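Fit chain B to the supplied structure of chain A, relying on the hints for placement.
Each chain, written out:
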Amino acid sequence: MIGRTTRRRGVLAAVGLTAVLGMTMAACGSGGGGGSGSGELTFVAFGGSTQDAMTKAMVDPFAQESGVKVTSDQPTDYAKIKAMVEAGNTTWDVVDADVPIVMQECGTLFEKIDMSKIDTSDIPDNLKVTDCGVPNYRTGVVLYYNTEAYAGKPAPDSWDAFFDTKTYPGKRAIGADPLYVVEGVMKSIVHDNDKVYPIDFDKVFAKLDTIKSDLVTWNTGAEAVQMMSSKQVNMIITWPGRASVAVDDGAPYAPVWNASVFAYDVWAIPKGAPHADEAIKFINYAIGAGPQSEFAKQVAYAPINTKATVPAESTTIGKFSMTFDKQDKYDVLQRNQKWWADNWDMAHNKFSAWSVG
Amino acid sequence: MTRVTETAGGIARREKFRGAGAIPGVVVLMAVFVAPLLFMLWRSFSEPTLGLQHYAAVFTDRTSLVIILRTLEVSVIVAVVTVLLAYPYAYLMTIATPSWRTVLTLIVLIPFWTSLMARTFAWYVLFQSNGPLDHLFESLHLGGLNILGSAVAVTIGMAQVIMPFAVFPLYSTMQGIDRTLLQAAQGLGARRHVAFARIYLPLSRPGIISSWFLVFVLSLGFYVTPQILGSSHNALLSQYIAIKIGDQLDFGFGSALAVVLVIVTGVILGALGGAAKVGSGATIERV
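Chains as they are written, first to last, in our numbering: chain A, 4 to 360; chain B, 145 to 431.
In isolation and in its complexed conformation, chain A is listed as follows (with noise of 0.2 Å):
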């Protein structure tokens, strides 16, 4: 599952109860040009409150300054992008993409980009692994308790608590996908950032078995929320751009920060896209501070550029963010990228024969 598969569900999920609301947006992102210049371009990303949060911080103000007109789509699909470069007819020109596809895709579904066109200085270094994709902002999964249920007793605090079902009772939700679930189940064995990767798998499901039931699954980032503000579950392992909206909706869930992955996106250029020119002045104008620190305002997902403002911790976005101060704060993983590029199929693989048996 290339990246955010249950992402990318979510979103499918999310468009169906919200179309029309969906397609307004989506004729807003197209709407926004007025400068005098020419030039058109096709935004794609995974829908949803990221996609909001884009169009109105980096969308919207780049086809008000450059005059490009924009069209948006969503969500992002490597097996639409594939089908697009085999069929020679490429029509999205800037898709928000997991690192790990991007980079084993690079050449072949995305595009090189000349870096030398794009101002990445205020990208971390350690970020920048492949050719074919800008960091674009950081993401990744955290851990999260029911804090009514769970009053009265010590905040859980590390990926331990998650296979503790004596102190914290309850069920406990996992996605649908290895890329949200293995990386903190295996931390909880190795108890050590360095002794994750390579992932072991046999290890990872025995351990999950030991909670199997008390285990449930969300598909859909919709499903999560849902599963949040109906307070159906004790635990959840899930993105905290949703986790966020959960809250904010009165949700009674905290973050536990020393379960966490971070993680970031990239922007990546399908293979023969016809905008590739117009892609690259907005992947430069994206990740720029103003526009990265207007999009942290709007989703609990963090700004990529170390210039960027972010929230205030007070609110709860600022609280919900996965700002660099946090993985400094605590004992956070950040996520191998290469060994996902290099394991996906295995990844995958053995985490469907685990979970449909």
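The hints are simulated quantities; they were obtained by calculation from the structure and are not laboratory data. On a predicted model such as this, the values are computed, not experimentally measured, just so you know. Some hints could be false.
What the hints assert, rightly or not - Calculated lysine to aspartate or glutamate pairs in the EDC-like style (CA-CA distance at most 16 Å, straight line):
#, chain 1, residue 1, chain 2, residue 2
1, A, LYS85, B, GLU191
2, A, LYS234, B, GLU191
3, A, LYS300, A, ASP251
4, A, LYS353, B, ASP205
Only chain B this time, still in chain A's reference frame:
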């Protein structure tokens, strides 16, 4: 072409003309259905290299086999449940007054016209723990009801979506049944339920068979309902194909899975269809 007589020529021309009317439909089907199907078949043999490796993988991969069998099992169950629910409903439609019949038809069709996504999420909310059904069961002292993520939830959700496909074939068959036969049977001393079981039920069999087949075949391809109401340990084949193609970009293996599903379905329909024909032949004789 040699004309035998004027009349035959006329008929041939008319036949030809009638055939011509089907051309747009045939062209559209060839372009949007047959061509992609053949393309998918080709990919299952050719990607990344020519050979049967994907088929070998399907039949040696425990996950694929488990999911294929589960998909068939769920589809059989959904078809049985749906037909059992639809049968009395369709029967009620045949005996209702015309205005009530309209109401009953609308009751089946309105959910059908509603967005699948909205309906599926409605079931999601109903089924979840702390949901309305859970509370109802608790207040009736029946214990909680927590079926979200289970095969039961998937079956209920699918049966509701697919209900019209069972109700209408049943209704159209039942409408054609001469109800005076029942009166005749009762007149000859048969009790009501005997008359129903011996006369009405056999006569409605073609409707039962066609609606069962229709529901069974449609169930094999469900994606949204099991995705939302089920959980990964009861995933169906379409979900597995979506993982393989959409997420792992393994078009070859995904295509092979789809081709296997088409073939297995064809074989089952062929076998059951043959059996049903023999069965209905016997019925007519008995009646």
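Going through the hints against the structure:
Restraint check: the Cα-Cα separation between A/LYS85 and B/GLU191 comes to about 13 Å, which is no more than 16 Å; the hinted pair holds. Note on A/LYS234 and B/GLU191: the hinted pairing is violated, with a Cα-Cα distance of about 46 Å set against a maximum of 16 Å. Restraint check for A/LYS300 and A/ASP251: satisfied, since their Cα atoms lie roughly 14 Å apart, inside the 16 Å limit. Using a Cα cut-off of 16 Å, the hinted pair A/LYS353 and B/ASP205 holds, with the two alpha carbons roughly 11 Å apart.
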